[in-house]
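Chain order of the listed sequences is D and P. Going by this note's numbering, the first sequence runs without a break in its numbering and finishes at 418. Going by this note's numbering, the second sequence runs without a break in its numbering and finishes at 418.
Rather than coming from a laboratory, the hints here were simulated on the basis of the structure. Hints should not be assumed to be uniformly reliable.
As the list claims (entries may be wrong) - Computed, partial: chain P to chain D, Cβ under 8 Å:
1) SER138
2) THR141
3) LYS177
4) ILE188
Cβ atoms here follow ideal geometry from the backbone N, Cα and C, with glycine treated the same way.
There are 2 protein chains.
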Amino acid sequence: MAAKLKNELHESSNLAGSKLAGASNSIQVNFNSLPAEENPPERISIRDVAKQAGVSIATVSMVLNQNPRISRPTHARVQRVIDSMGYRPNRLAQSLSSRYTQVLAVMLPPLRHAFADAYFGEILSGISDRAGKLGHKLLIEQAKPQYIKEGKHIELYERRFVDGLLCLGFNEKHAFLSDLRQYPMILVDNRFGDGVLDYVHCDYRMGAKQAMNCLLQLGHRNIGMIYAAPESPTARDVLEVYTTELRHAGIEPKESWLADGCFTDEGGAAAAELLTHRDKDITAFLCGNDKMALGAIRYLVEHGHKVPQDISVVGFDDIQHLAYANPSLTTVHLPLYELGVAACERLVSRIRGKVDHVADVLPTHLVLRESTSIVRTR
Amino acid sequence: MAAKLKNELHESSNLAGSKLAGASNSIQVNFNSLPAEENPPERISIRDVAKQAGVSIATVSMVLNQNPRISRPTHARVQRVIDSMGYRPNRLAQSLSSRYTQVLAVMLPPLRHAFADAYFGEILSGISDRAGKLGHKLLIEQAKPQYIKEGKHIELYERRFVDGLLCLGFNEKHAFLSDLRQYPMILVDNRFGDGVLDYVHCDYRMGAKQAMNCLLQLGHRNIGMIYAAPESPTARDVLEVYTTELRHAGIEPKESWLADGCFTDEGGAAAAELLTHRDKDITAFLCGNDKMALGAIRYLVEHGHKVPQDISVVGFDDIQHLAYANPSLTTVHLPLYELGVAACERLVSRIRGKVDHVADVLPTHLVLRESTSIVRTR
DNA sequence: CTACATTGTTAAACTGATTAAACAGTTAAC
DNA sequence: GTTAACTGTTTAATCAGTTTAACAATGTAG
């Protein structure tokens, strides 16, 4: 109810203006108008094709589905009729009958800007591309509290909206996920309940290890960590590796080196402020994602710390346009597009019964750019 | 084929690591397991409900659809059976029979990062929210060249995937749009062929007028324009108002004040470079969107121009986090969320036959922030 | 020359709903 | 006291496909 539209009021006046503009310099467009196009487009069904081709509807159906029991000549003849009539099978009827919808759903978390997010967007790109190639359509849903309360996520399957579901941006705090255990579903870029749910995620441990190795080799010993969502297993992976690698280097991690940045730009800035005030000797930040890293850098630069001369910053995700940032961000590259591709691929395999459990981890690597350097000497 | 997955290789080793992590600190989760959940979930149909309630399936159907011809007591009795059995009507069957799918498609342009775009994301948010409230699902499609060539956009209707379509980010160069003329479709934030297609867009003329008035009142007379997509009617609206308002103020616009920024950050930077070199006297830029404005500012700041002291910059869109930019960006606020809401709303009205033509324009306004100031005196 | 596969096609059942028309059972009108 | 109108429910057709089992026609083996 947030949006109150008063457009009717403006319509007439603006329309006059727009008409003018359109008339003055609109580009020529080819309208291939048909003679009787305002009539109902007269849907043709499999029966029409069968009649026209002089075969039964079963035969047409089998031609459509490339059934090998149909002979070459019959197939060719029917196919020709199909093409000439421009027949396109009704997907609803196909799905009802075959029990497969060829539709997948993507579930996004109830964040305000979930649709405009670089992280989700990149995964979605991969999902969308692969779904298209596999002949599947994509439904997008957002798991708002009310939505879950009403059981809409279960209806997705029960009412046969989709064959399977990909969940992005959820973690073990999202209990509704376990409702979906019995259906084809893949948790993307996380795990759940020690592997009860199928998943595909990036190798956060590998990335964290490389990031820490890099910072330690550059001589950093007081390394802060801006984390987020400790209820997320993959986020915990990073925290654990951070701790382990510090100890491995003979450094005892301090509680005061940790701050929650909520995965947001502003959160990253706030965390950077907190950490720099808590410990003046911190010379590097490991950040749970790029947005927090960028926020941290913004805070640092605005408050007289030079990046990377005074403080090095490492991110996670490798979202777009990072190379254009100033300084450009050293970060752990997550293969998000490939993650989307893999998740989609695996989900379809699960739906088709080709696999019965999915648990894939995709390799990650550190991308060195300008936001890291050798530790400052005081 | 860009993604080559080598995850199988990594799976075993990483899995070992992740299992360890999961076991060590996983959060307790409540698995409300049913006794016989591995069996096929045993779908119940309208027939089962009818039998159980001792009525015909027609009666159940009419209860489902709130048909007033069903008496109070019968309705109550059947509804109770429906609830107790947990019956959920099969949407495929409903759609096949009723000829409405209750699904809308959103078509995005074939840009690499269309799914991670702040502009599209905001509109999508509005569409998604309203579609949910109206009981409609959302399909997302990307109009890649191959997709259009194969006529998939027409299949969307012909094969009954959807009832209607919302097209985001297209303009008059995209000829395939005219294929959809005969179906319920709304062009979002643009016009096409002088109004042949239904549309809802923001009032770019109003926004441009306010931006130009602001710059002129601040004393700017040499105002450059970083535009994009001149084949887009709404983009032309801005160009026209820019020209008109300059003339109105007694200034003859120069060709050398115009540069195409391609709607991108990098394009904006390149355009700023071009314009500053072509005319040293330029003191302000009007930019076709925020991304280009941000790119322009980045270029200016990196090359010794102070913003806004030397050069003022105005954007268009008012995307998120602009207030956090440095300097924060003065821009024309487009009601993108509301635009999505309105487009969705109108599309459903069109599908239901409540309106037969849609041509709405939503008001815009200038948001003054730090990237504009009174003209520099030399 | 029957018996038996094999091959290609089809009739008919099925998917799970909606809806127009028919049909009883009441009530109101003339 | 019939006729007409109204209620509430059901019968049966329909939406547009898939799929199983049956069938005819042909080829092959015994």
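Hints, verified against the model:
no.	hint	in the structure
1	SER138	violated (10 Å)
2	THR141	holds (7 Å)
3	LYS177	holds (5 Å)
4	ILE188	violated (13 Å)
The structure fails hints 1, 4 (numbered hints given earlier, in ascending order).
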